[in-house]
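Same order as they appear, the protein sequences are chains A and W.
For what it's worth, the working numbering labels the leading residue of the first sequence as 689, then goes sequentially.
For what it's worth, the working numbering labels the leading residue of the second sequence as 1233, then goes sequentially.
There may be inaccurate statements among the hints.
Partial list, computed: chain A residues near chain W (C-beta under 10 angstroms) [as the list claims (entries may be wrong)]: (1) Trp691; (2) Asp693; (3) Arg696; (4) Leu727; (5) Gln731; (6) Asp739; (7) Thr741; (8) Gln744; (9) Gln750; (10) Lys752; (11) Thr763; (12) Pro790; (13) Ile792; (14) Val795; (15) Met873; (16) Ala874.
Within a straight-line C-alpha distance of at most 20 angstroms, the following computed EDC-like cross-link-like pairs (lysine to aspartate or glutamate) qualify [unchecked claim]: (17) Lys1386(W) - Asp1305(W); (18) Lys698(A) - Asp1302(W); (19) Lys1360(W) - Glu782(A); (20) Lys1250(W) - Asp739(A); (21) Lys1250(W) - Asp735(A); (22) Lys747(A) - Asp699(A); (23) Lys1289(W) - Asp739(A); (24) Lys1250(W) - Asp699(A); (25) Lys769(A) - Glu1358(W); (26) Lys1289(W) - Glu926(A); (27) Lys769(A) - Asp1313(W); (28) Lys963(A) - Glu943(A); (29) Lys698(A) - Asp1305(W); (30) Lys769(A) - Glu1353(W); (31) Lys1236(W) - Asp739(A); (32) Lys752(A) - Asp693(A); (33) Lys769(A) - Asp1349(W); (34) Lys1236(W) - Asp693(A); (35) Lys769(A) - Glu1357(W); (36) Lys1236(W) - Asp735(A); (37) Lys901(A) - Glu836(A); (38) Lys747(A) - Asp1313(W).
These aren't lab readings, by the way, just hints derived from the structure by calculation.
Ideal placement from N, C-alpha and C gives every residue a C-beta, glycine not left out.
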Amino acid sequence: MNWIDYQRPKDVSEVLRVLEQAEGRGRIVAGGTDLILQLQQGQLRADLLVDITAIQELKYIQTKDGWIQIGAGVTHAEVAKNSLILKEARALAEGCGHVGSPQIRNVATLVGNVISAQPAGDGAIPLMALEAELKVVSKEGARWIPLEKAYRGIGVSSVNPFNELATEVKFKKLGELGNTRSFRMARRRSLALPIVNGAVVIIFNPSRNRIEKARIAIGPVAEKPFRPRSAEAFLESETISRKVILEAARIASEEANPRTTLLRGSEYYRKEMVKLYLMRMVQNLLEG
Amino acid sequence: MVLKSVRMRVNGNWVNVKIPPDRMLLDLLREDLSLTGTKKGCERGECGACTIIMNGKTTLSCLIPALKADGADILTVEGMDQRDQLHPLQEAFWENGAVQCGYCTPGMLLSAKALLDENQEPTIEEVKMAISGNLCRCTGYTKIIQAIQVASGKIRKKMGTLESAEEEKKPSDGAGMCRGKR
Chain A
689 MNWIDYQRPK
699 DVSEVLRVLE
709 QAEGRGRIVA
719 GGTDLILQLQ
729 QGQLRADLLV
739 DITAIQELKY
749 IQTKDGWIQI
759 GAGVTHAEVA
769 KNSLILKEAR
779 ALAEGCGHVG
789 SPQIRNVATL
799 VGNVISAQPA
809 GDGAIPLMAL
819 EAELKVVSKE
829 GARWIPLEKA
839 YRGIGVSSVN
849 PFNELATEVK
859 FKKLGELGNT
869 RSFRMARRRS
879 LALPIVNGAV
889 VIIFNPSRNR
899 IEKARIAIGP
909 VAEKPFRPRS
919 AEAFLESETI
929 SRKVILEAAR
939 IASEEANPRT
949 TLLRGSEYYR
959 KEMVKLYLMR
969 MVQNLLEG
Chain W
1233 MVLKSVRMRV
1243 NGNWVNVKIP
1253 PDRMLLDLLR
1263 EDLSLTGTKK
1273 GCERGECGAC
1283 TIIMNGKTTL
1293 SCLIPALKAD
1303 GADILTVEGM
1313 DQRDQLHPLQ
1323 EAFWENGAVQ
1333 CGYCTPGMLL
1343 SAKALLDENQ
1353 EPTIEEVKMA
1363 ISGNLCRCTG
1373 YTKIIQAIQV
1383 ASGKIRKKMG
1393 TLESAEEEKK
1403 PSDGAGMCRG
1413 KR
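Please put together the full structure from these sequences, using the hints given.
As structure tokens, this is what we get:
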């Protein structure tokens, strides 16, 4: 026996009403590809599942006032092939295309990937590099939280699934000079957890030969998708050369703190891979 | 515990079933509807044996609470043939020896069908991507990939979109993913 009731509300206000009535025994579920297993294995408990995937108002990818907004009902498969995302934030489309398998991507949602709060979330990592924000609604109203604040620990979101609902993730368009890439190293291309994965966002001004903005997110090398801030700052502080890129990659690999595990390899190896992939990605981005 | 009513269209027929709220779609298909073509493998979303097509998209029925599928259109392997005629994919799997133990076959067929419904002439890479969530421990995938390409030719021929000069794709033109890697 797992959950004893299951409901599929048609709008957000109904979700909040149902959660309130359940008094802490109800829990939000979207695609459920992580959550259902955690419930079945007894890692989490809920008497009532409140399924938000029948809510039409949460199924959108749109652009507004320079932001790109993605509703909580949007699946990884939908993000991965969306033309706006491919054009404006290719790393996010790539990351979403790496999650699980085609069958998982058809069901699992991008916002759910953030709420799952795994340190290697392939959808969440590009969002972290894009400095995305999460919209959370409750009976008390709505609030926006920076993605970095959406994590409380490994697998634990700071969004309370018993009385809050994350309805949207949004990030600013990068503009003409912006560009993004993601990377992923795993034993297989499908259904394999990454040894390292990450995303790079840069705004490069070729006339000054400078990176005006660099944002990097790496997983799974910390409790949550990790931003190597010294490496970002270093990339922004110098005119660009091979040496600078190499040094930034080295700094990032020093900042990252992967563990030695039988599943993912040694700390030394994984740091080397962070360095290698970052160097390649930045180089790649600058070459267009 | 209160039983809940769920209604869905399975292989073209509307069904109404009363189930415990934590019934999974896979169990509903196999136990309540006796459609045992959908296989139970890992039960944790990793093997693809339980793949079905739900509202046009491949889905793992072991991860879907049956109540999530309320109102959905479901296709299982039992619904692939038409008027006692095997689907071209089923024919091609049979003719090309793409089946050994058969446990992954229903899931493979449905992943392949979802692909060919969207893309009549997929490349080998696109075929590999489409079945990347379906594990086979017998065939090594080579014949499965060949069979999907042969089926693509059969379907296009049927629909008249295949040039008459162009034969149905021959199965052994280097399609194997193992070639050159020995």
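For each hint, the structure was consulted:
The interface hint given for tryptophan 691(A) holds, since its Cβ lies 5 angstroms from the closest Cβ of chain W, which is under the 10 angstroms cut-off. Against a cut-off of 10 angstroms between C-beta atoms, the interface hint on aspartate 693(A) holds, since the closest Cβ of chain W lies about 5 angstroms away. Of the supplied interface hints, the one on arginine 696(A) holds, with its beta-carbon coming within about 7 angstroms of a beta-carbon of chain W, less than 10 angstroms. The interface hint given for leucine 727(A) holds, since its Cβ lies 9 angstroms from the closest Cβ of chain W, which is under the 10 angstroms cut-off.
Nearest Cβ of chain W to the Cβ of glutamine 731(A): about 13 angstroms, over the 10 angstroms cut. The hint is violated. The interface hint given for aspartate 739(A) holds, since its Cβ lies 6 angstroms from the closest Cβ of chain W, which is under the 10 angstroms cut-off. The criterion of a C-beta within 10 angstroms of any C-beta in chain W is met by threonine 741(A), whose closest approach is roughly 7 angstroms, and the hint holds. Taken as an interface hint, glutamine 744(A) does not check out: its beta carbon lies about 13 angstroms from the nearest beta carbon of chain W, beyond 10 angstroms.
Taking 10 angstroms as the C-beta cut-off, the interface hint given for glutamine 750(A) is violated, the closest approach to chain W being about 22 angstroms. For lysine 752(A), the suggested interface contact is broken, since its CB lies about 28 angstroms from the closest CB of chain W, more than 10 angstroms. Evaluation of the threonine 763(A) hint against chain W yields a held restraint, the C-beta minimum of about 9 angstroms falling below 10 angstroms. Contact between proline 790(A) and chain W, as hinted, is supported at the beta carbon level, the nearest pair being about 5 angstroms apart and thus within 10 angstroms.
Interface hint status for isoleucine 792(A): upheld, as the beta-carbon distance to the closest one in chain W is roughly 6 angstroms, under 10 angstroms. A cut of 10 angstroms between beta carbons decides the hint on valine 795(A): the least distance to chain W is about 6 angstroms, and the hint holds. With a cut of 10 angstroms, the hint placing methionine 873(A) at the interface with chain W is violated, because the nearest CB-to-CB distance is about 17 angstroms. Annotation: alanine 874(A) was flagged as interfacial toward chain W, and the flag is violated, the nearest CB pair being 12 angstroms apart, outside 10 angstroms.
About 26 angstroms separates the Cα atoms of lysine 1386(W) and aspartate 1305(W), which puts this hinted pair outside 20 angstroms; it is violated. Restraint check for lysine 698(A) and aspartate 1302(W): satisfied, since their Cα atoms lie roughly 13 angstroms apart, inside the 20 angstroms limit. For the hint linking lysine 1360(W) to glutamate 782(A), the alpha-carbon distance of about 17 angstroms falls within 20 angstroms, and the restraint holds. For the proposed pair lysine 1250(W) and aspartate 739(A), the alpha carbon gap of about 19 angstroms is at most 20 angstroms, so the pair holds.
Restraint check for lysine 1250(W) and aspartate 735(A): satisfied, since their Cα atoms lie roughly 19 angstroms apart, inside the 20 angstroms limit. Restraint check for lysine 747(A) and aspartate 699(A): the C-alpha separation of about 11 angstroms stays at or below 20 angstroms, so the hint holds. With a C-alpha separation of about 19 angstroms, the suggested pair lysine 1289(W) and aspartate 739(A) falls inside the 20 angstroms cut-off, and the hint holds. Restraint check for lysine 1250(W) and aspartate 699(A): the C-alpha separation of about 25 angstroms exceeds 20 angstroms, so the hint is violated.
For the suggested pair lysine 769(A) and glutamate 1358(W), the alpha carbons sit about 14 angstroms apart, so the restraint of at most 20 angstroms is met. Distance check on the hinted pair: lysine 1289(W) and glutamate 926(A) sit about 48 angstroms apart at the alpha-carbon level, beyond 20 angstroms; violated. Distance hint between lysine 769(A) and aspartate 1313(W) is unfulfilled; the C-alpha atoms sit about 30 angstroms from each other, more than 20 angstroms. Only pairs whose Cα atoms come within 20 angstroms are accepted, and lysine 963(A) paired with glutamate 943(A) is accepted, the gap being roughly 11 angstroms.
For the given pair, lysine 698(A) sits about 19 angstroms from aspartate 1305(W) by alpha-carbon distance, which is consistent with the 20 angstroms threshold. Between lysine 769(A) and glutamate 1353(W) the alpha-carbon distance is near 19 angstroms, which keeps this suggested pair within the 20 angstroms criterion. Straight-line distance between C-alpha atoms of lysine 1236(W) and aspartate 739(A) comes to about 15 angstroms, which keeps the hinted pair within the 20 angstroms bound. Taking the CA atoms of lysine 752(A) and aspartate 693(A), the gap is about 38 angstroms. The hint is violated against a cut of 20 angstroms.
The straight-line distance between the Cα atoms of lysine 769(A) and aspartate 1349(W) is roughly 17 angstroms, inside the 20 angstroms bound, and the hint therefore holds. A C-alpha spacing of about 9 angstroms is found between lysine 1236(W) and aspartate 693(A), which places the hinted pair at or below 20 angstroms, so the restraint holds. Between lysine 769(A) and glutamate 1357(W) the alpha-carbon distance is near 16 angstroms, which keeps this suggested pair within the 20 angstroms criterion. Taken as a hint, the lysine 1236(W) and aspartate 735(A) pair is honoured in the structure, with Cα atoms around 15 angstroms apart against an allowance of 20 angstroms.
Taking the CA atoms of lysine 901(A) and glutamate 836(A), the gap is near 18 angstroms; set against the 20 angstroms cutoff, the hint holds. Pair hint lysine 747(A) plus aspartate 1313(W) does not hold up; C-alpha atoms about 33 angstroms apart against a cutoff of 20 angstroms.
The structure does not agree with the numbered hints 5, 8, 9, 10, 15, 16, 17, 24, 26, 27, 32 and 38 stated previously, though it agrees with the rest.
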